[in-house]
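**Q** These are the residues of each chain, in order.
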Amino acid sequence: MTNGDLMHFPFKIFNVIRGLGLLCLFLAGRASWAADDLLTKSVVKIFTTMQEPNYYEPWREGSQEYVSGSGCVLVGNRILTNAHVVSNAIFIEVEKEGDSQKYIAKKEFVAHDCDLAVLKVEDPKFFQGTMPVTFGDLPFKRDKVAVYGFPVGGEEMSITEGVVSRIQLSTYAHSSRALMDVQTDAAINPGNSGGPVFKDKKMIGVAFQGYNAAVAQNTGFFVPMPIVKRFLTEIKSGVYRGIPTLGIWQETMENDSLRKYYGLKPDQTGILVDEVLYQSSAWNQLKVNDVLMAIDGYPIANDGTIAFRKGERIGSQYPIELHYRGDQVPIKILRDKKPMTVTVTLKEDARLIPLVQYDKQPTYFIFDGLIFTPFNSNYPGITKDTPVELKALYFHGLPSEDHKQIILVNHILSHSINRGYDSKFNSLIVNKVNGHPISEMKDLIAAFADPKDGRHVIEIDKPKEVGTTIVLDAVKSKLASLEILEQYDIPSDRSDDLK
Amino acid sequence: MKMKNGRLKIIVGFCFALFLSARVWGDEAVLRKSVVKVFTTAQNIDYYEPWKPGAEIQLQGCGTVLPGQKILTTAHLVNKGNYIEVQKFGETKRYVAKVEQVGYDLDLALLTVEDPDFFTGTKPVELAELPGPGAKLLIQGRDELSIKEDSVSNMEMVLGNEGGREVPALLTNGPIDGANDGCPVFSDGKFVGIPFDSAGKPDKTGSIIPVNVIQRFFKGIQGGRSYDGIPDLGFYTQDLENPALREYFKISLKQTGELITQIFYGGSADGVLNVGDVLTAIDGYPVDDEGYINIPKIGRVPECYLATFYLIGEKISLDILRDGQPMKIQMPLKAVSQLMPDRQDERHPTYFVMAGFVFVPLTFNYYSTANWDNFKPELQDLLFHGLRTPERKQVILISHVLPHEINKGYDKLTNMMVTGINGKPISEMKDVLEAFDHPVDGFDVIDIDDHDWFGSTIVINADKTKQATDEIMDTFKILSDRSRDLK
Chain X
1 MTNGDLMHFP FKIFNVIRGL GLLCLFLAGR ASWAADDLLT KSVVKIFTTM QEPNYYEPWR
61 EGSQEYVSGS GCVLVGNRIL TNAHVVSNAI FIEVEKEGDS QKYIAKKEFV AHDCDLAVLK
121 VEDPKFFQGT MPVTFGDLPF KRDKVAVYGF PVGGEEMSIT EGVVSRIQLS TYAHSSRALM
181 DVQTDAAINP GNSGGPVFKD KKMIGVAFQG YNAAVAQNTG FFVPMPIVKR FLTEIKSGVY
241 RGIPTLGIWQ ETMENDSLRK YYGLKPDQTG ILVDEVLYQS SAWNQLKVND VLMAIDGYPI
301 ANDGTIAFRK GERIGSQYPI ELHYRGDQVP IKILRDKKPM TVTVTLKEDA RLIPLVQYDK
361 QPTYFIFDGL IFTPFNSNYP GITKDTPVEL KALYFHGLPS EDHKQIILVN HILSHSINRG
421 YDSKFNSLIV NKVNGHPISE MKDLIAAFAD PKDGRHVIEI DKPKEVGTTI VLDAVKSKLA
481 SLEILEQYDI PSDRSDDLK
Chain F
1 MKMKNGRLKI IVGFCFALFL SARVWGDEAV LRKSVVKVFT TAQNIDYYEP WKPGAEIQLQ
61 GCGTVLPGQK ILTTAHLVNK GNYIEVQKFG ETKRYVAKVE QVGYDLDLAL LTVEDPDFFT
121 GTKPVELAEL PGPGAKLLIQ GRDELSIKED SVSNMEMVLG NEGGREVPAL LTNGPIDGAN
181 DGCPVFSDGK FVGIPFDSAG KPDKTGSIIP VNVIQRFFKG IQGGRSYDGI PDLGFYTQDL
241 ENPALREYFK ISLKQTGELI TQIFYGGSAD GVLNVGDVLT AIDGYPVDDE GYINIPKIGR
301 VPECYLATFY LIGEKISLDI LRDGQPMKIQ MPLKAVSQLM PDRQDERHPT YFVMAGFVFV
361 PLTFNYYSTA NWDNFKPELQ DLLFHGLRTP ERKQVILISH VLPHEINKGY DKLTNMMVTG
421 INGKPISEMK DVLEAFDHPV DGFDVIDIDD HDWFGSTIVI NADKTKQATD EIMDTFKILS
481 DRSRDLK
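From first to last, the protein sequence lines stand for chains X and F. Anchor point for the first sequence: position 44 equals 44 in our numbering, and the numbering is continuous, going up by one each time. Anchor point for the second sequence: position 34 equals 34 in our numbering, and the numbering is continuous, going up by one each time.
Treat the hints as calculated values from the structure; they're not laboratory data. Take the hints with a grain of salt, since some may be wrong.
To be verified - These stretches of chain X come out as covered by chain F in the derived footprint (C-beta under 8 Å, 3 or more residues): (1) 175–189; (2) 236–245; (3) 471–481.
To be verified - 35 Å max Cα-Cα, derived DSBU-like pairs, lysine-lysine: (4) X:K391 with F:K430; (5) X:K452 with F:K204; (6) X:K125 with X:K141; (7) X:K391 with F:K204; (8) F:K412 with F:K393; (9) X:K404 with F:K393; (10) X:K432 with F:K464; (11) F:K136 with F:K98; (12) X:K260 with X:K102; (13) X:K236 with X:K260; (14) F:K93 with X:K310; (15) X:K310 with X:K404; (16) X:K287 with X:K442; (17) F:K297 with X:K424; (18) X:K338 with F:K464; (19) F:K80 with F:K250; (20) F:K80 with X:K452; (21) F:K412 with X:K310; (22) X:K424 with F:K250; (23) F:K88 with X:K464; (24) F:K412 with X:K337; (25) X:K464 with F:K254; (26) F:K250 with X:K260; (27) X:K260 with F:K254; (28) X:K287 with F:K315; (29) X:K478 with F:K254; (30) X:K464 with F:K204; (31) X:K120 with X:K102; (32) F:K408 with X:K332; (33) F:K98 with X:K287; (34) F:K70 with X:K442; (35) F:K33 with X:K462; (36) X:K391 with F:K334; (37) X:K360 with X:K41; (38) X:K462 with F:K70; (39) X:K462 with F:K393; (40) F:K70 with F:K315.
In this text, all values refer to a predicted model and were calculated from it rather than measured experimentally. For every residue, glycine included, the Cβ atom is placed at its ideal position computed from N, Cα and C.
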């Protein structure tokens, strides 16, 4: 199963309308006991109008989409939901059970990495008759749980029940980050996203994703309380900065000879450091071929897991994910067969190709009709048509001083100044401009200000069948750039973050 | 009256049709004496377990009778063949045939038949001149009566499905069914080529290996010489259309040509041309700004077209501009030097099994039979764009691991690129064998380029590898730990 099979579950309203004809039959026998269930007073429905960014023509707005999801009421007149229910939102409304009026809501904090968001509602009347949830803890396997929300199937609140199936680190589809989640066999369907999961009347998580029915059935996932509480604690500081990572690539050490070779004694266990990412938490602290034996006090097994509760194991990244940026974490290592402890100050996730971005105008810079963009997970995206070179960087590219980002010739707006450089040059990686190495977008802008002998010379990263060099006439460049902006109706030659 | 008139028309029409078809049938009956059926019992190669003989398959196609009692057919029909038979059209007796020469890159093979009786009643074809655009073609199908008419569109370089490289092809105006059968194409009663299936050709056209390419194959085997393939110019070029680009590389507006942007290590141009040279003519034909040359009677073809017709070792004449100065160069041609080798002899794929790790070179053969999804994008990038370097003449993979206690923890690895063994860089298959002779402190250490999920280092106990390999060979019924070419 790949990430592509994981779906997160805001519910497109378009589908409701289409689905009604089929499903209204089953609604006639709706039970009325829901009114006596106090927990329903904690659950709200969320309606969002989204505007997707346009990564192909970043100066234009993308298409609009309407989705619905669920949420729960927090102490202090706030609503907790999934980040993906309100990502790229331009308009949000909330509605409570048994009240037909919709109230306007605004995003207060959004954590895309762990797919959580807190909303506020201007009108205090909305919270009349609602009840904030009380928080529970991480459940155990086979604990009975109930999922509340407004999924596909009807307009009214839905409650489904099941048990906890497993607890593990797995990929959050919204961010591609691997964090703790809890799997349940209680039905979690489109529209459940952001709704609470209860055990013994206490909230134990936020329903957020499931598998496409073609891949697996009865597998719904919720964000568990350790992650929810971490988020709510961090936003008390007034700003959400994100879940840190250690910034290494690691290898398990299940083979006896491998352990012996790196100096582990028969009773010692650990994992091997294969790569330390540039400017990550571990940068200049850990080294390739260090063996990590314990992290934050948890001994690491040869398969890369730690014991987080009696008899339960989870990936060794887990303790790091509960920390905040700037926290210091002790790591017991074996370096050149000598044990030592290093203290790592936690930083943000470091990677060459940024994870999918939301609520952000795409970065771009247009010069003589050449549209330059950093390669990120939004653009060009990974499809079967993505050049293999970019796919390789996407999955396994390492950032470095020379390449903090990958800058692409996204595509070219035709004009006489760029004649001869056509779509063959699309998606090629820029290595140098006018002799200056290009490591990130700002280098590009500085380099174009420094033409040599009346020419701009753009060097492509690796030899390609189409060529290696783009040369542009610097004398005509200014006029051409203006003509192109006018001709193609582009308001600005660069995104706001580059101004 | 009206009815009678109508019937008359039908009768006249019928006569006319009969007359036409009789005429065509007459020609075909003669042509059919030049075509024979080819039956092959082949064995698929299992690249995943190369020590195993693969499943048997039956193939059927056509051959063309050449002067000198030889039969020409396509390479892919016979190259895996353990047993080949030929049969004349309209007869039931089969004769045993043998492969004399194979050209994988041109997808051509020459067969001989031991029993000279076979050729009684056959008529060798006469080789045509290369037909021009619009020339009528008669395409013979696999069965006697399957004949189709078509016409020539143009000459193009297309990707051959066998060799994995571009070859000159005559495109037809319509598609050709059964293009892989090896049956001949005639024009005016003379032999003009063999259709083949190509991934690179435009939709709704057919592609034919034309007679001039077939003559090139004959040139390559003249005097009993063993066919050694078509050479490669060994460089990448860039179009010079933009005025600022031309000025930067000091090319006058009148001059046309292509910019040399990359020289392949070990290729024809290595040590002959420089990056930044401008190729202005090849074999005396001027190169235009899009990298094409114009040859009378053939038309506009890519600059690499002409090299196809040379033998490896022959010299091709190039006109270049170096630092703005015109120069004439005689460049000796060499075999293709890209990282992924062309399709090779399929009988005995190269492999080496060590402690359950199966080492294979990444070849076109291996890739074309393996599951695409198992190829990481890095490997695909090397396959399609990788160039040889002194440090990497081949890509060596661990194709998979045969599980045993010695390789515990590594047994799920597939298609991992090997970069070093016991501290020695791995550039080709023989380096793998040599490196295992020198363990480090009693360990064999294999460096692999994988950051997907496993890691980058494999360590195994060198003292136990021999015994473990023996046990693994016994368990998995492997007769030899290495292929013939590595013995």
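**Q** Each of the hints needs a verdict: does it hold here or not?
**A** Status of the hints after comparison with the structure:
With 0 residues carrying a beta carbon less than 8 Å from a beta carbon of chain F, the region 175–189 of chain X misses the three-residue requirement, and the given coverage is violated. Check result for the region 236–245 of chain X against chain F: violated, 0 residues qualifying (beta carbon to beta carbon below 8 Å, three or more required). With 3 residues having a beta carbon nearer than 8 Å to a beta carbon of chain F, the region 471–481 of chain X meets the requirement of three or more and the stated coverage holds. For the proposed pair K391 of chain X and K430 of chain F, the alpha carbon gap of about 31 Å is at most 35 Å, so the pair holds.
At most 35 Å may separate the alpha-carbon atoms for a hinted pair to count; K452 of chain X and K204 of chain F exceed this at roughly 49 Å. For the proposed pair K125 of chain X and K141 of chain X, the alpha carbon gap of about 39 Å is over 35 Å, so the pair is violated. Annotation: proposed proximity of K391 of chain X to K204 of chain F holds, straight-line Cα distance about 32 Å (limit 35 Å). Our distance criterion of 35 Å between C-alpha atoms is met by K412 of chain F and K393 of chain F, whose separation comes to about 27 Å.
The suggested pairing of K404 of chain X with K393 of chain F holds, with an alpha-carbon distance near 30 Å, which does not exceed 35 Å. With a CA separation close to 51 Å, the supplied pair K432 of chain X and K464 of chain F exceeds the 35 Å bound. Among the hinted pairs, K136 of chain F with K98 of chain F is consistent with the structure: their alpha-carbon atoms are about 33 Å apart, no more than 35 Å. For the hint linking K260 of chain X to K102 of chain X, the alpha-carbon distance of about 65 Å lies beyond 35 Å, and the restraint is violated.
With a C-alpha separation of about 47 Å, the suggested pair K236 of chain X and K260 of chain X falls outside the 35 Å cut-off, and the hint is violated. Restraint check for K93 of chain F and K310 of chain X: the C-alpha separation of about 78 Å exceeds 35 Å, so the hint is violated. For the hint pairing K310 of chain X with K404 of chain X, the CA-to-CA distance comes to about 42 Å; that exceeds 35 Å, so the pair is violated. Straight-line distance between C-alpha atoms of K287 of chain X and K442 of chain X comes to about 30 Å, which keeps the hinted pair within the 35 Å bound.
With a C-alpha separation of about 30 Å, the suggested pairing of K297 of chain F with K424 of chain X holds against the 35 Å cut-off. Only pairs whose Cα atoms come within 35 Å are accepted, and K338 of chain X paired with K464 of chain F is accepted, the gap being roughly 27 Å. Restraint check for K80 of chain F and K250 of chain F: the C-alpha separation of about 52 Å exceeds 35 Å, so the hint is violated. For the suggested pair K80 of chain F and K452 of chain X, the alpha carbons sit about 58 Å apart, so the restraint of at most 35 Å is broken.
Pair hint K412 of chain F plus K310 of chain X holds up; C-alpha atoms about 29 Å apart against a cutoff of 35 Å. For the hint pairing K424 of chain X with K250 of chain F, the CA-to-CA distance comes to about 23 Å; that is within 35 Å, so the pair holds. The hinted pair formed by K88 of chain F and K464 of chain X fails the criterion: a straight-line CA distance of about 49 Å is larger than 35 Å. For the given pair, K412 of chain F sits about 28 Å from K337 of chain X by alpha-carbon distance, which is consistent with the 35 Å threshold.
Restraint check for K464 of chain X and K254 of chain F: the C-alpha separation of about 26 Å stays at or below 35 Å, so the hint holds. Pair hint K250 of chain F plus K260 of chain X does not hold up; C-alpha atoms about 61 Å apart against a cutoff of 35 Å. Straight-line distance between C-alpha atoms of K260 of chain X and K254 of chain F comes to about 70 Å, which puts the hinted pair past the 35 Å bound. Under the criterion of a C-alpha separation no larger than 35 Å, the hint pairing K287 of chain X with K315 of chain F is inconsistent with the structure, at around 53 Å.
A threshold of 35 Å between alpha carbons decides the hint, and for K478 of chain X with K254 of chain F the separation of about 27 Å falls inside it, so the pair holds. Under the criterion of a C-alpha separation no larger than 35 Å, the hint pairing K464 of chain X with K204 of chain F is consistent with the structure, at around 29 Å. In summary, the hint linking K120 of chain X to K102 of chain X is supported, as the alpha carbons are separated by about 14 Å, within the 35 Å threshold. Proposed proximity of K408 of chain F and K332 of chain X is supported: the alpha carbons are some 25 Å apart, at most 35 Å.
Pair hint K98 of chain F plus K287 of chain X does not hold up; C-alpha atoms about 61 Å apart against a cutoff of 35 Å. Of the pairs offered as hints, the one joining K70 of chain F and K442 of chain X is violated, with about 68 Å between alpha carbons and a cut-off of 35 Å exceeded. Taking the CA atoms of K33 of chain F and K462 of chain X, the gap is about 54 Å. The hint is violated against a cut of 35 Å. Simply put, K391 of chain X and K334 of chain F have alpha-carbon atoms about 33 Å apart, close enough for the 35 Å limit, and the pair holds.
Distance restraint check for K360 of chain X and K41 of chain X: the Cα-Cα separation of roughly 34 Å lies within the 35 Å cut-off, and the hinted pair is therefore satisfied. Between K462 of chain X and K70 of chain F the CA atoms are separated by roughly 47 Å; this puts the pair beyond 35 Å, and the hint is violated. In summary, the hint linking K462 of chain X to K393 of chain F is supported, as the alpha carbons are separated by about 18 Å, within the 35 Å threshold. At roughly 30 Å between alpha-carbon atoms, K70 of chain F and K315 of chain F fall within 35 Å of each other, so this suggested pair holds.
In summary, the numbered hints that this structure violates are 1, 2, 5, 6, 10, 12, 13, 14, 15, 19, 20, 23, 26, 27, 28, 33, 34, 35, 38.
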